[in-house]
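Here the protein sequences come in this chain order: A and B. According to the numbering used here, the first sequence is numbered sequentially starting from 171. According to the numbering used here, the second sequence is numbered sequentially starting from 171.
It is worth saying that the hints were derived from the structure and are not from the lab. Mixed in with the good hints there might be a few duds.
Same chains, same label: a pair holds when it works inside one copy or across any pair of copies.
What the hints assert, rightly or not - Once the Cα atoms are required to be at most 20 angstroms apart in a straight line, the calculated SDA-like pairs of lysine to any residue come out as:
{"hint": "1", "residue 1": "284", "residue 2": "454"}
{"hint": "2", "residue 1": "482", "residue 2": "460"}
{"hint": "3", "residue 1": "482", "residue 2": "463"}
{"hint": "4", "residue 1": "228", "residue 2": "355"}
{"hint": "5", "residue 1": "482", "residue 2": "422"}
{"hint": "6", "residue 1": "285", "residue 2": "381"}
{"hint": "7", "residue 1": "285", "residue 2": "237"}
{"hint": "8", "residue 1": "228", "residue 2": "420"}
{"hint": "9", "residue 1": "278", "residue 2": "454"}
{"hint": "10", "residue 1": "482", "residue 2": "462"}
{"hint": "11", "residue 1": "482", "residue 2": "232"}
{"hint": "12", "residue 1": "228", "residue 2": "341"}
{"hint": "13", "residue 1": "285", "residue 2": "482"}
{"hint": "14", "residue 1": "284", "residue 2": "305"}
{"hint": "15", "residue 1": "278", "residue 2": "446"}
{"hint": "16", "residue 1": "482", "residue 2": "183"}
{"hint": "17", "residue 1": "482", "residue 2": "287"}
{"hint": "18", "residue 1": "482", "residue 2": "172"}
{"hint": "19", "residue 1": "228", "residue 2": "362"}
2 protein chains.
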Amino acid sequence: MSLTVVGSIAFDSVRTPFGERDRMLGGSTVHFSLAARFFTDVRVVGPVGDDFGDEELKVLEDRGVNTDDIERVEGGETFFWRAHYEYDMNIAHTDETQLNVFADFDPKLSEASKKADILFLGNIDPELQRSVRESCEAEFAGLDSMNFWLEQERRSLVAAIAGVDCLLLNDAEIRELTGEPNLARAARVAMEMGPGVIVAKRGEYGAALFTTDGFFAIPGYLLEDVQDPTGAGDSFAGGFLGYLDSRRAAGDSVLDPAILRQAMAYGSVLASFNVEDFGTDRIQTLTREEIDERLRDLQRNTRFEVESAPAK
Amino acid sequence: MSLTVVGSIAFDSVRTPFGERDRMLGGSTVHFSLAARFFTDVRVVGPVGDDFGDEELKVLEDRGVNTDDIERVEGGETFFWRAHYEYDMNIAHTDETQLNVFADFDPKLSEASKKADILFLGNIDPELQRSVRESCEAEFAGLDSMNFWLEQERRSLVAAIAGVDCLLLNDAEIRELTGEPNLARAARVAMEMGPGVIVAKRGEYGAALFTTDGFFAIPGYLLEDVQDPTGAGDSFAGGFLGYLDSRRAAGDSVLDPAILRQAMAYGSVLASFNVEDFGTDRIQTLTREEIDERLRDLQRNTRFEVESAPAK
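Could you build all of it, start to finish, from the sequences and the hints given here?
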């Protein structure tokens, strides 16, 4: 039972209508691993600079995340992102991006990371995603990306997508990738590119799952208090793939439709906790009991019985 | 068992990326009643001009909708709306609005319409909504509105809302009405205005229900073919309130949380059929069997079992 995640480690400065924080621990692998670690053993592969200290490492290590493959680039600085959100927190407005050591990131995976059962390729250059995928033994690989790669490196991205089992993108990105304005059709076209499992992330509206078996849609958990949506998609992916790995280890198939649905629900729950506070603050204090309690709550709040209307 | 709907009757000219139609039968009461009539006896109250012919009336009457209170204004023309949609069909771009006879609409309800068990106040001047509500005996009344009234006649709209049991608005409108950017909080504030049931319509993303009991969220049915979203919200309201009336007539409480959820599901199903073709074309040929089949399908595609992840 093990999961390797490759991608960014960052410092994020974020302002929302509800507050402002400077240089919080962030990045896709951080949000992902802090969610996935509730279900499986996670190994993080990503670069940091001299400004990344023991305090930051400790956030991961204290929660059982393996940091052996975090690469410290001497004389470099960690990826930095500054952004703000308006009241519509589905849209991040980027104010500053300093790629720093992330610009020259060339993932170096230990043998242990290569041997992981599940692999998650965070949003990095699709050429790197492809070469990491090829070097790994994972029996199930997921991939995230963003509009920048869709527009600049489309051919390379399509090749990377062809090598994975599961594509996790925002719904608008799936539409852009396939040129199909309708999400259900777009997911079908994406499936023809290779992955048998397509996950469309829909921000506060939840997420949708497409397989050859059909679709599954889950609304977002409706919170009264949303502080900072940064990292919600990565927390979703961490909950989703982490849960799948735990079931795989228990002898189940990760392609079982019922298990994929449960993974979607766990992903939604982890994403909902992510947004309750800035950065990783809420997820850092989260317990497994709280997760399972909210999962049952989400089920209650989305379930209806079919009782045919009385004849007119 | 009866339901009165008060609002617009229109001719709609609509262009979407998938086609274009001129002067189709439309308007909120038309979409509403063609959905609600599957569950209950519906009476339409609204104005038309000389251009509204027997052919249009027949669409309603052939499907059991009572048109006695459709008011023909001699020498007048029927409300006309022209709009187009881009690929993001959540947003209607209005190109032309001719209120015509709708501008001077003063609803005149027959005794039978006043005696209906359920009342739906479509999007009209909130002063009229309030006076209609006061003249009716309905034990449960729903109300829709739009940003125009929110911005121009806020005080009057809030008074109208205070008089109904159920508010059905787009999620953005609920946020605007209450000044609360968070939907769950906004719904709570809206509830304090009077209605115990708040329904937030979320376009292709589905809908959410708020009561003192908590929330219920249902994703939209994911269709591969969406032709024209016009009227989807009214079809939702028709399915929702029509189903509630059928259960009320069977002796159930329309405030029973389980029944409200089923009504949300029926609303979603009717809305999903509405958008499959232009105007009312799909709903005109719809059968009760198709509705119940899609309801079961929607349940299958949104349900997950809670099975706690194996211990790590």
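Self-check item: Intra- versus inter-copy proximity for residue 287 and residue 482 (alpha-carbon distance at most 20 angstroms)
Solution: between (55 angstroms within a copy, 15 angstroms between copies)
Exercise. If the cutoff is 20 angstroms on CA atoms, where do residue 228 and residue 341 land: within, between, both or neither? Let me know, please.
Key: neither (34 angstroms within a copy, 41 angstroms between copies)
Practice problem: Have a look at residue 278 and residue 446 and pick one of within, between, both or neither, based on CA distance no larger than 20 angstroms. | Solution: neither (34 angstroms within a copy, 50 angstroms between copies)
Self-check item: Homo-oligomer pair classification [residue 460, residue 482; C-alpha up to 20 angstroms]
Solution: between (45 angstroms within a copy, 16 angstroms between copies)
Exercise. Give the relationship of residue 228 and residue 362 under a CA distance limit of 20 angstroms: within one copy only, between copies only, both, or neither.
Key: neither (42 angstroms within a copy, 46 angstroms between copies)
Quiz prompt | Copy assignment of residue 482 with residue 422, given that the CA separation must stay at most 20 angstroms | solution = between (46 angstroms within a copy, 15 angstroms between copies)
Practice problem: Up to 20 angstroms between alpha-carbons, please classify residue 284 paired with residue 454: within, between, both or neither. | Solution: For residue 284 and residue 454, the Cα distance exceeds 20 angstroms both inside one copy (27 angstroms) and across copies (58 angstroms).
Quiz item: What label fits residue 285 with residue 482 when the C-alpha limit is 20 angstroms: within, between, both, or neither?
Solution: Between copies, since 19 angstroms is at most 20 angstroms while 62 angstroms is not.
Exercise. Can you give me the call for residue 228 and residue 420, within, between, both or neither, at a CA distance of at most 20 angstroms?
Key: neither (29 angstroms within a copy, 62 angstroms between copies)
Exercise. Could you place residue 278 and residue 454 in one of the four classes (within, between, both, neither) given a Cα distance threshold of 20 angstroms?
Key: So residue 278 and residue 454 fail the 20 angstroms test inside a copy (27 angstroms) and across (61 angstroms) alike.
Self-check item: residue 228 and residue 355: within-copy, between-copy, both or neither at 20 angstroms Cα
Solution: neither (44 angstroms within a copy, 36 angstroms between copies)
Self-check item: Status of residue 237 relative to residue 285 across identical chains (alpha carbons, at most 20 angstroms)
Solution: This pair counts as within: shortest intra-copy Cα distance 15 angstroms, inter-copy 71 angstroms.
Hint compliance for this structure: hints 1, 4, 6, 8, 9, 12, 15, 16 and 19 are broken, all remaining hints hold.
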